[in-house]
Structure formats: C-alpha cells, structure tokens
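Here the sequence shown stands for residues -13 to 311, numbered as in the numbering used here.
No lab work stands behind these hints, which were simulated from the structure alone.
Remember, it's a predicted structure, so these values are computed and weren't measured experimentally.
Even for Gly, the Cβ is constructed at its ideal location relative to N, Cα and C.
Hints may be right or wrong, so weigh each one.
Distance ranges between label pairs, derived from CB positions [unchecked claim]:
# : residue 1 : residue 2 : range
1 : Ala214    : Asn113    : 35 to 43 Å
2 : Asn301    : Ala156    : 20 to 28 Å
3 : Ala148    : Thr245    : 25 to 33 Å
4 : Pro310    : Glu114    : 35 to 43 Å
5 : Arg311    : Pro197    : 29 to 37 Å
6 : Glu92     : Thr226    : 32 to 40 Å
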Amino acid sequence: MREQLAGLRLPFSALVASLVLVTVGCSDGDEGNDEAADTESEDATETTEGETTESTGTEAGESESDSESSGTDDTDSTGSTETETETETETETETETETETGAAFECDYEVSPEGLLVFEGESLPINEDWAVATDVEGYYAGGYIQWTRSSFNQQPGNGLMAVSLGIHEAGRYRVQWRTRIGMGDNPTEHNDIWLRFVDATDYYGKQGNDPETRRYPKPICEDPDFIAGVEALPEVSEATCPNGSTADGWLKVYSSGATEWKWSTRTSDNDAHDIYVEFAEPGAYVLELSARADFMLLDRVVIHREDVEQDAVENPDLAETPCPR
C-alpha cells in the first residue's frame, strides 16, 4: 500500500509545495491549551499503544583519482587503459556502495548504530533572539536554549534553525525532546515550538497502534486525496489536521506538564499525538525548528528508531552523535 501511495507521498515536502500555501492557523490564543485533555489522551495512548511509560509517569511512549597512462606502444597503452578503466570502475562502485549504506553523505548529526540521533539545544545554529542559558538547573551538557522575544503563535518561521540529519537506515523514527516551561507554573503556557521536516517522506503526530490515528500539518491535511490514501493504509484508522495551530507544513509541538525538565513531545491540542517521521531511503534530511512560545526551554533532542527503549532515550549520559567531518 505504501508503494501505491508513492506518487502522493514521496517526498512529503513536494506535496506541501504543490498545494496553495494560504493557511489560517486555528486560533488558540495562548501557547498551550493542551494540558487538560492530555491526561485522557495519555490514558488512551497507554491502553492502545502498550508503549513504555515515561519516567514521569504521565506520558506513554510518545529533525553528501585520476591515473596517468605512460605506455610506449599500442599494446602497452591499451593494457594500461584497461587497467585504469577497471580501477576507476571499482572506485566508483565502492563510492556508490558507501552512499547506499548511508556512510558517505554530509550531515550535522547521524543515527548511531544503537538507533539514536542526539544533539543538544545549545549546539543548534542559534540566531536572532535565541539564547543559550544555564539559569535553570537540571539541564544536560552545557545548557539549554530559549526564545527571548515575544511569542509567534500563528506565524512560524521566526528564529529559523535547520539541522541536517544523517539517516543510515530507512524506516520510521520518533522525535523526542527534553524541555520545560521557563516562566510561571501554568504547564499550558511557554511550552511549545514549531517543527517541520523539509524533505522527509512523511511526518505526523501519531496516537495508538494497530490501528493508529495521525495528525498532519496544513495544507497537506486539507488535501482529501492525500488523506484518503493515508486512511487506506491498514494500520491507520483516521488521519486529519491537528487541533490548534499549523501552517505551511509546520506542526506546533508542545510539552505536557513540563513544570520541571521533562521528555514530552506532542502535537494536536487536547488530543495528544507523539511525533514521528519516515525516511524512504538512507540519506541526509533537513529538520527545521522555529520560535513559537517565549520562555520555552529546549535542552536536548533525540530522534530514534521505533525499537529503542525509552530508558535509552532519556539516558542523561548520552553523547551527541555528530557526523564525521
């Protein structure tokens, strides 16, 4: 069935670009409006997904030789040329093999053999009014980042940061990050950020397993042919737009109950869906983040294979996984 959808879904960004990008985000006023029904969604998620409960006990399971010939007669020259051609062919084959196995493309961070891609907030290419800070204790590594200007609840793209991800194995991966609110004690405020994948095969919020429901960003979620194709997949019971803000391929991604540092990464207000991204083949793919809520503190980001245990994701001793230079 996925092959039947290839014309619709490969790559996801091409579909978004082909639609009219005049979208009006749902009015959600403040940064949050997520918490109250999250508990109910979490309970449903725990029942249907059967995934590992996070350490906080409130969430379930949840971004590329030349040789010279010196022959002195026709025979020597021909022989040398044949040898040279064979050598070049072997070299080209080796390079192609490396690329196919995901070992030769350029990227910022890559998935480790253990299935984890890790980077710290302070390692991002911060710009505009993002700032590295260390005031709030409990962060990992060298600090965390926060947006120091006002919120952009309906306008993604401000303070844009892009990261190239090295994916060595095709498949579906989950996106998780460690955050907390940086002002006040209302867990539904100062708790979200915009997320978009530029060239992934697919990305969405997911809840449940066999069947699962999905939440796609606008404008793709408003394309009836695309949605019909997704819902025709045997593992999907429903696909639609998320509750709350979404525009131009951006998902509003929030954290639930993050009055302390917490692993919580969701979309769709009062309808909590974890974040997943699919890659059809090995290669380098671009993840984008942009500012949404002021005083939202971002500590660490982990993108991992589905078979990775939650304890491994949350391990504070995890090191970043930069691509070789």
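Structure-based check of all given hints:
no. : hint                          : verdict
1   : Ala214 <-> Asn113: 35 to 43 Å : holds (40 Å)
2   : Asn301 <-> Ala156: 20 to 28 Å : holds (25 Å)
3   : Ala148 <-> Thr245: 25 to 33 Å : holds (30 Å)
4   : Pro310 <-> Glu114: 35 to 43 Å : violated (30 Å)
5   : Arg311 <-> Pro197: 29 to 37 Å : violated (43 Å)
6   : Glu92 <-> Thr226: 32 to 40 Å  : holds (37 Å)
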